[in-house]
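> If you want the building blocks of each chain, they are given just below.
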Amino acid sequence: MSLDYVKFTPGFGKFMPKEYRDMVEHGPFGKKTSVSQVGTFKEILEEHPMCAGCAMTLFIRLAIIAFPNPEDTITVGTAGCGRLAISQAAIPFVYGNYGDQNGVASGLTRGLRLRFGDKPKDVVVMAGDGGMADIGFAQTLHSWFRKEKFTTIMLDNEVYGNTGGQESGMTNKNQVLKMAPLGKKFEKMDMLGMAKVAGCAYVATVVPNNPRRVESVIKKAVLVAREIGPSYIQAYTSCNIEYAIPTDKVMEDAKTVETDRYKFSEYITDEAKEYLSQLYGYKEYLPKPAAAVTKQ
Amino acid sequence: MYLVANIDTEICAATSCKLCTQYCPEANTILYDNAAGEDKGFKYGAAYVAVDRCKGCAQCVWVCDNMAKHNAIKMEMIDQIGNTALTENVTYGEKTSSAVLANPVRGQM
Ligand SMILES: Cc1ncc(C[n+]2csc(CCOP(=O)(O)OP(=O)(O)O)c2C)c(N)n1
Ligand code: SF4
Ligand code: SF4
Ligand code: SF4
Numbered sequence: 001m002s003l004d005y006v007k008f009t010p011g012f013g014k015f016m017p018k019e020y021r022d023m024v025e026h027g028p029f030g031k032k033t034s035v036s037q038v039g040t041f042k043e044i045l046e047e048h049p050m051c052a053g054c055a056m057t058l059f060i061r062l063a064i065i066a067f068p069n070p071e072d073t074i075t076v077g078t079a080g081c082g083r084l085a086i087s088q089a090a091i092p093f094v095y096g097n098y099g100d101q102n103g104v105a106s107g108l109t110r111g112l113r114l115r116f117g118d119k120p121k122d123v124v125v126m127a128g129d130g131g132m133a134d135i136g137f138a139q140t141l142h143s144w145f146r147k148e149k150f151t152t153i154m155l156d157n158e159v160y161g162n163t164g165g166q167e168s169g170m171t172n173k174n175q176v177l178k179m180a181p182l183g184k185k186f187e188k189m190d191m192l193g194m195a196k197v198a199g200c201a202y203v204a205t206v207v208p209n210n211p212r213r214v215e216s217v218i219k220k221a222v223l224v225a226r227e228i229g230p231s232y233i234q235a236y237t238s239c240n241i242e243y244a245i246p247t248d249k250v251m252e253d254a255k256t257v258e259t260d261r262y263k264f265s266e267y268i269t270d271e272a273k274e275y276l277s278q279l280y281g282y283k284e285y286l287p288k289p290a291a292a293v294t295k296q
Numbered sequence: 001m002y003l004v005a006n007i008d009t010e011i012c013a014a015t016s017c018k019l020c021t022q023y024c025p026e027a028n029t030i031l032y033d034n035a036a037g038e039d040k041g042f043k044y045g046a047a048y049v050a051v052d053r054c055k056g057c058a059q060c061v062w063v064c065d066n067m068a069k070h071n072a073i074k075m076e077m078i079d080q081i082g083n084t085a086l087t088e089n090v091t092y093g094e095k096t097s098s099a100v101l102a103n104p105v106r107g108q109m
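Protein chains in written order, with this note's numbering: chain U, 1 to 296; chain H, 1 to 109.
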């Protein structure tokens, strides 16, 4: 959990695989790298078995690039497609039982604070909509009500993708899926509303067809969770397999869905704004000067 | 055999908008060489694909055609592509990278 854990033991560097050497020498650890620089530094996400063209894969890739301090970050995941990639990054990954991820992250965050005190260690949960809004619903909500200081990211593909197409609470009403042949009978759950009611300090929706925006919301969510309170990002990450989207049309679908029903939204408490305004790059949150009073 | 993305260096180097790599779902796959096309007078460099990591989804083609409007990327059969970049031949530098091209099927000749 520091820059040291990615360095070579003296003398062993030359025996390491090329990808590992590239990561140590040209990776993002200890540097400021950004989405606009991709392709010129070695990313810490490695090869993985997620489907070709999957938007969730793209989102995970961007999220990992966006972590403000990757060398001091731990990810927590659970059963579902996303863990297949998240676990293949050079960041410690904890695999919670299906639905346990926010409970595991609560204990982990508290433990890290006891162990490392003020030195920030960021905990980021990334899990599917089924794992988060259905099976892990109670643990997700309770971690928010308890104001646990970590980031929760829902990889919302609006289906149980990994197990072949069952509906989740986040599936849209009337949607027909392989294993929901009559169509879903209920509305999509309002997890954003619940996150606000439960006291999250930063809540955002995002679609990966805007990589810089993904980067921006991830950074804010992680920073706010470090000091202020829980943060929640809900990302539309289509499943091209279960929704039969041709892989070269995945970004077109993302654009359409963003325009129709997954618009970018951001909610941030005053306390979180004040905290961000003191950090480099967040001048937008500085209090606005009071409007000049004109004399009559 | 299967399809992988191939970037036309000259078309790309004319603008090198750097959009496709932000949209490729796979990490470390579309890379940038700031010196590509220098010999032909282009000054921005160009993108290239480490084809051993490419899963053939063609998302980059959609991005280059429809968002960048440069039409620089085509999907090609891996055994027809000729010499191209492979991860093992990529070298990273200061805010750039470059690749010694090799045949993806037969290896470096
Ligand atoms: C306790 C438990 N129940 C069921 C499963 C089987 N299972 C694995 S992945 C999955 C569905 C994942 O769906 P979601 O959370 O929406 O993620 P996605 O795969 O769509 O990203 C299920 C039901 C499991 N691994 N553990
Ligand atoms: S099943 Fe769907 S969500 Fe899972 S990796 Fe494949 S395309 Fe992505
Ligand atoms: S989108 Fe097209 S023009 Fe832009 S960098 Fe990629 S290949 Fe080059
Ligand atoms: S075809 Fe898909 S995996 Fe291959 S370079 Fe293009 S976007 Fe990346």
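No lab work stands behind these hints: they were computed from the structure. The structure presented is a predicted model; accordingly, all values stated were derived computationally and were not measured. Treat each hint with caution, since some may be false.
Computed footprint of chain U on chain H; a stretch qualifies when at least three of its residues, placed anywhere within it, have a C-beta under 8 angstroms from a C-beta of chain U [claimed, not checked]:
#1 4-15
#2 19-26
#3 51-60
#4 76-86
#5 95-105
Every residue, glycine too, gets a C-beta built ideally from N, C-alpha and C.
> Against this structure, judge whether each hint is valid.
Hint by hint, here is what the structure shows:
As drawn, the region 4-15 of chain H meets chain U at 0 residues by the rule of a beta-carbon pair under 8 angstroms; below three, the given contact is violated. Against chain U, the region 19-26 of chain H contributes 6 residues with a C-beta closer than 8 angstroms to a partner C-beta. That satisfies the three-residue criterion, and the hint holds. With a threshold of 8 angstroms between beta carbons, the proposed coverage of the region 51-60 of chain H by chain U holds, since 6 of its residues qualify and at least three are required. With 0 residues having a Cβ less than 8 angstroms from any Cβ of chain U, the region 76-86 of chain H misses the three-residue criterion, and the hint is violated.
Requiring three or more residues with a Cβ within less than 8 angstroms of a Cβ of chain U, the coverage given for the region 95-105 of chain H holds, as 3 such residues are present.
Comparing the model with each numbered hint stated earlier shows that hints 1, 4 do not hold.
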